[in-house]
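So the protein sequences, as listed, match chains D and B. The numbers in this note's numbering rise by one with no breaks, and the one at position 65 of the first sequence is 65. If you count the second sequence from 1, you need to add 208 to reach this note's numbering.
Do not take every clue at face value.
Using 20 Å as the maximum straight-line C-alpha spacing, the simulated EDC-like pairs for lysine to aspartate or glutamate come out as follows [to be verified]:
#: 1; chain 1: D; residue 1: K164; chain 2: D; residue 2: D144
#: 2; chain 1: B; residue 1: K263; chain 2: B; residue 2: D301
#: 3; chain 1: B; residue 1: K307; chain 2: D; residue 2: D100
#: 4; chain 1: D; residue 1: K158; chain 2: D; residue 2: E190
#: 5; chain 1: B; residue 1: K314; chain 2: D; residue 2: D99
#: 6; chain 1: D; residue 1: K91; chain 2: B; residue 2: E408
#: 7; chain 1: D; residue 1: K30; chain 2: B; residue 2: E280
No lab work stands behind these hints, which were simulated from the structure alone. Just so we're clear, the structure is a prediction, and the values are computed from it rather than from any experiment.
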Amino acid sequence: MSTRPRILPLLALLALSAPLTTVTAGCKPKAVRGGPGTENPNLDQAAMSTTLDRRDLQELMRTNMDKLMASPWWGQISQAPGTIVAIWPIKNETSEHIDDQLNTLLGDMETELVNSGVVSVVSRERQAEMANEVAVQQNRSIYDPNFANQISRQLGAKYYITGKVGTVDEYFNKERRVQYTLFMQVIEVETSLVRFQNKSERSKAIVR
Amino acid sequence: MSGRRSPARPLRRALKWAGLALVAPVVVAACATYSERTQLARDAAQAGDVAGTEKVLNKFLKTKSSADLPTEWKKETIVALLERSMVLHAKGDWRSSAKDMVAADKELVLLDIGRDAGQVGKWIFSDSSGKYHAPPSEKLALNAINMLNYVLAGDLSGARVEAKRFTITREYLGQLDAGKSAHGAFGSYIAGFVFERLGETDTALRYYDEALQEQPFPSLRAPVARLAARSSFRSPRIDELLALQPTTTQPEAAPAEATPPPAPLGEILVVMNLGRVPYKVPERMPIGLAVGMGAAYITGSAAVLERSALKFVVYPELVPSGALFNTGQLLVDGVEWPLELATNLDAEIVREYEALKPKIIGAAITRLIVRAAVAEGARAAGNQAKDGAGAIVGLLAALAAEGAMVAADKPDTRSWTLLPAFVFVARVPVAPGQHRLAVTAMGSGGREHRDISVDVKPGGFAVVDVTTLR
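Pulled out of the complex, with its shape left as it was, chain D reads as follows (with noise of 0.2 Å):
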């Protein structure tokens, strides 16, 4: 007696009835250049997270500096070039870990305001290195207003600048939003009034 008839539907079912696998083949992650003169230009314009990405970045930034270059305060100091400015870290009061993002905003702040040639701005990274380390010995944060007031004065610098962002961050719905508003300010250092004051928004949002 044959049995190969009977085995050929046992087979089959078996067949059937294991795991379905998935045919991955050819979906390989591979790397890719984007932006302006390559094959990708659009790469930068999708938002990937709810944290700030450099287009935010830029886009912020930019609000900020034609406020700050419309302003009476600039206007007063274009007439006496050569006053000297210090940039003080942006306090950073969202969910989201962005230090090096803000600080890559304030080095494109930096860029802005030594290339005008109207201001002289202290190295940030000689007054971080000074306020590192006054902070450590006295204890002090370095967003504490009357420290940044002190290191600036010890700089040489008559004005600061500094800010910080904050966020509003909700989910609702299946979906998440997260809405950051940055406040800058140029405060005076002899008299700590505030001689400037912008605040620029931008929202990311997760939705479906």
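Using the hints, position chain B against chain D.
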């Protein structure tokens, strides 16, 4: 009895046993779950071999070293990365630990967003086929321990971010179940410390108040008194603490000559993370008992189980970690200071699990019903085989189908198994200068002793962390 036996009967019996023999190894071999696959990491941790634990986890994550983040996020990647972050924390590599926790936290947020509305708080899936959803205890511990990472790395700005994330999670969990899951006194305590040191008095007091809602921390009397003198924020708990007789935070047992020196004092915050939390293992339960426990959460008809070859349900059961230490001792410059239990994660995880156990069992039975239904379908198809062998083919097909599905269905034993079971804190006012700390972890497994030296600036602070992983 008839002398004639069907010629097909011996063949049928042989094929039945052959079928079972075919299915059984598949079921056994393919069922290694997360907790089984990471057992070597826990074994190394139990032996005090932190480097060994790290090595096992890097192999699991397919990363060359702990400097690398995983390149692919699979079903077990997040939880394994959390395990590695805890190892790095125990090693004192705070920055790398923080990097792992931030990466894992970001992925967890994306997963939660991806779930259906109303499901975010339901971490009940008892099979491991889905993506990982951390329970409240793990979510809150993640932000709390990462806050500590940043404090230990001297980055109060980073700690502030984690404090905010901790609050968002805590408030969200509070909305879900009327605050039952919004525990985490340890996180609130550390957040209070962070904001106190950032000079943000009101916020610091609010966090300390949050911590006091859960535990009567005697060590907070002095900080709260200091902050309250500069803030108008009050709550019944703050008022109660302020109404107490002025006291030093010196322990009663401390000798008189150890009275804190005059201001400006410094402060040492000591955090002791001891033991490991319970973890899940695959466990079998007879179907009858399981149906009784999870009846309210079963989807589908349990009647189909009557023809199932398997008469048990496999589900993830929580078991003790067997860790060595559960208490500790702290000496600062030879004087003993009390350690306060800030968070008992061991008890919190058991409570969470027990509350969800009927749902977990119900989900396991539901999956069993699906398997049995598919097996019945295969049996029906097999029964149509010709030459009188339909019943045998049907039986084998049913067994094969059920076996294959059992093999693919693993109970979800994923959890952050290297989380400390007990978190203790102590705050010690000290004169500026060098201080010697002797920290001893104790428990059924003996003792582990560490000598640590710290330098405290006038009005400054030092934070000391001791994490044993065992």
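We went through each hint and held it up to the structure:
Proposed proximity of K164 (chain D) and D144 (chain D) is supported: the alpha carbons are some 12 Å apart, at most 20 Å. At roughly 15 Å between alpha-carbon atoms, K263 (chain B) and D301 (chain B) fall within 20 Å of each other, so this suggested pair holds. This hinted pair checks out: K307 (chain B) and D100 (chain D) have alpha carbons roughly 13 Å apart, not beyond 20 Å. Our distance criterion of 20 Å between C-alpha atoms is met by K158 (chain D) and E190 (chain D), whose separation comes to about 7 Å.
Simply put, K314 (chain B) and D99 (chain D) have alpha-carbon atoms about 16 Å apart, close enough for the 20 Å limit, and the pair holds. The straight-line distance between the Cα atoms of K91 (chain D) and E408 (chain B) is roughly 13 Å, inside the 20 Å bound, and the hint therefore holds. With a C-alpha separation of about 13 Å, the suggested pairing of K30 (chain D) with E280 (chain B) holds against the 20 Å cut-off.
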